[in-house]
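J.: Quick mapping for you: the protein sequence lines, in order, are chains V and F.
For the first sequence, position 280 matches number 280 in the numbering used here, and the numbering has no gaps at all.
Take the position in the second sequence, starting the count at 1, then add 356; the result is the number in the numbering used here.
By construction, these hints were calculated from the structure, which means they are not laboratory data.
It is possible that some hints are incorrect.
Stated by the list, open to error - List time: in silico BS3-like cross-link candidates among lysine-lysine, alpha-carbon distance up to 30 Å:
| hint | chain 1 | residue 1 | chain 2 | residue 2 |
| --- | --- | --- | --- | --- |
| 1 | F | K658 | V | K259 |
| 2 | V | K302 | V | K91 |
| 3 | V | K91 | V | K259 |
| 4 | F | K442 | F | K373 |
| 5 | V | K28 | V | K302 |
| 6 | F | K493 | F | K373 |
| 7 | V | K108 | F | K658 |
| 8 | V | K91 | F | K464 |
| 9 | V | K249 | V | K259 |
| 10 | F | K615 | F | K493 |
| 11 | F | K447 | V | K108 |
| 12 | F | K464 | F | K605 |
These numbers were taken from a predicted model, which means no experiment stands behind them.
There are 2 protein chains.
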Amino acid sequence: MTLAITNEEAVNLLSMKDCLAALEVAYKELAEGVAVNRPRSDIHTNTPTPQQTFRFKSMEGVVPGLGITALRVNSDIVSWPIVDGKQRQIKVMAGPGETQCAFIMLFKNDTGELLAIIHDSYVQRMRVGAANGLAVKYLARQDAQTIGLVGSGWQAGAQLIAMCAVRPIRRVNVYSHNPEHRENFAREMTETLGIEVHAVNSGAEAMDGADIMAAATSSMEPVLFGEWLRPGVHVSGIKRFEIDNEVFKRADLTVVHVKEGKGPNYASANAPMEDIPYMKGDRFDLQGMQYMPELAEVISGKHPGRSSMDQITFFMNNIGIGIQFAAAALIVYQLAMECGIGREIPSDIFLQTWHS
Amino acid sequence: MTLAITNEEAVNLLSMKDCLAALEVAYKELAEGVAVNRPRSDIHTNTPTPQQTFRFKSMEGVVPGLGITALRVNSDIVSWPIVDGKQRQIKVMAGPGETQCAFIMLFKNDTGELLAIIHDSYVQRMRVGAANGLAVKYLARQDAQTIGLVGSGWQAGAQLIAMCAVRPIRRVNVYSHNPEHRENFAREMTETLGIEVHAVNSGAEAMDGADIMAAATSSMEPVLFGEWLRPGVHVSGIKRFEIDNEVFKRADLTVVHVKEGKGPNYASANAPMEDIPYMKGDRFDLQGMQYMPELAEVISGKHPGRSSMDQITFFMNNIGIGIQFAAAALIVYQLAMECGIGREIPSDIFLQTWHS
């Protein structure tokens, strides 16, 4: 039996606390070389619609200690419009009924069978939040109480939830370019977190006095600047583009998510690589990263992490990895089985009696 | 709606003639750089059973002219026993009810949606057969009438069917180490092809007088030797190991399937790469291949192919590629839709209204 689990169902199954704990296990295994990733690959081709690119994205991760492997697939239509003078990445809901094709497949290592197919979105935001949350746990000052945040989308929300789970956060100042969005976000997050979340009028204002400075936007240009840094702060990034180069220069300790970085990019002759804006960000993967510790090394204790109260630490969540999806999806699957949630689909769709 | 199609159903949908034609289109697009592959990657980890390795294998291919993309997944349990003194690769049917988890997912490029999930095995053997069949079409002498074959498994059968579709073959001599297997194979293929298929007692005997020399076994050691070659012959290989190095030396024109070769191999610390026998074969990918034309170049006319009656041509089908699965799976899907074959599964399993 293969279980299909939607985003709406996954919300009630995977808590941030469980997600943080599951990822911590997976990272420790990764640090030992036991858990392994097949880095994300992207294939690009054009679509009949101008300014829209079909991007087929996949990654895999095996976590032997948990006995599972995940394959994550994003079959996306993407465009990169200029909004308010800044380039953004938009995923077009081009599927039937304004949908997007994105899912995680969870496999069992000792039989090879497919245990579950889980919508991507909720697990995706939780695993991004949890990675940056674990970085806060291992790198931010123990007494960190305030967060400055740029961005008010769903990734931004998951970032706050994860950080509040690992530090006694009392106040968040949030800025995003759309006043309505930031006001709504502040209201909602105040309710969710039970702490003060304030909408402010600029990124600089958001970061004023913050112990943790975080960016979580869809911007492809810097929104978090090095001039805002002060001693003892922890900086949290989830997209290379959002972070000003000055942050890389001024941080005393920069930790990357994974040095292997992004896997290969492929492009059809009809969608030349040089026309795809986010390829720019990939260049970061090639510069200086070999000298930075990885998050898994810090979590496993192979790297000591923060060494003084005044140190500026910076976690750059440069790219997602398959083992995050494996660890988080396993919890979703196990709880769904326990609670009788999800739809059963016939396993023989994926299992053959013939040899390949 | 997503359509699930089994091997048993696919057999009645995809003919070798259609498969050859579909792959020819895909290869022409590949030669133009319009069709693109994400080369096969393998991740290895151990299983609780000694001598059994979990190998998660995937590859992708986009064929923009056909508007589709395929992802092929093999979630295999593999072992490499010594049989009759030779090392073989065995795929263990470790899934529920002695099954193997292996399937192809077919996506639509303009919406991103998942059109179909198709069992792997039948399409797999057809696309391997068709690739070597197209090589025969473009490289073997027009007057080739006899085939010498080592191997009597299901890949061997598909090889014969494909070759007989492109040349006026009158006789096949087949050898495999198991007398019963080769006798049964000869009887069955005589019936299928309506030509003389004879079981013989050695590889050398099979190749005696053959215009086309083919290997299709599960052996990881040479079974087709350079000393057997004679002027004008075409050699057909589907596994690097099976082909003696002397064949590479003596062939006047060696064409490889794809120069990009195999994608990366990953292995857990619990399953060291050096313990995995077939990694040996991968070394071939690194030596001399850059000087060989690819099958797509020959099919598209970018390379002239055979230049004389006496030339020894050799096609090494070094690795599978995603676009083969895309082209073949599209036919299976289209005919299944036309004929009302296959099971409908709800698309919303794969489509989300939330953003990722």
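J.: Hint by hint, note whether the structure agrees.
T.: Now for the hints, and whether the structure bears them out:
1. F:K658 / V:K259: violated (40 Å)
2. V:K302 / V:K91: Distance ~38 Å between K302 (chain V) and K91 (chain V) Cα, so the pair is violated.
3. V:K91 / V:K259: Measuring from Cα to Cα gives roughly 26 Å; hence the hint holds.
4. F:K442 / F:K373: Violated, because 35 Å separates the two Cα atoms, which is more than 30 Å.
5. V:K28 / V:K302: Answer holds: K28 (chain V) to K302 (chain V) is near 10 Å, not above 30 Å.
6. F:K493 / F:K373: Holds. K493 (chain F) to K373 (chain F) sits at ~12 Å (cutoff 30 Å).
7. V:K108 / F:K658: Roughly 45 Å between the alpha carbons, so the hint for K108 (chain V) and K658 (chain F) is violated.
8. V:K91 / F:K464: holds (16 Å)
9. V:K249 / V:K259: holds (18 Å)
10. F:K615 / F:K493: Holds. K615 (chain F) to K493 (chain F) sits at ~20 Å (cutoff 30 Å).
11. F:K447 / V:K108: holds (16 Å)
12. F:K464 / F:K605: Given that 30 Å is the threshold and the Cα spacing comes to 43 Å, the pair is violated.
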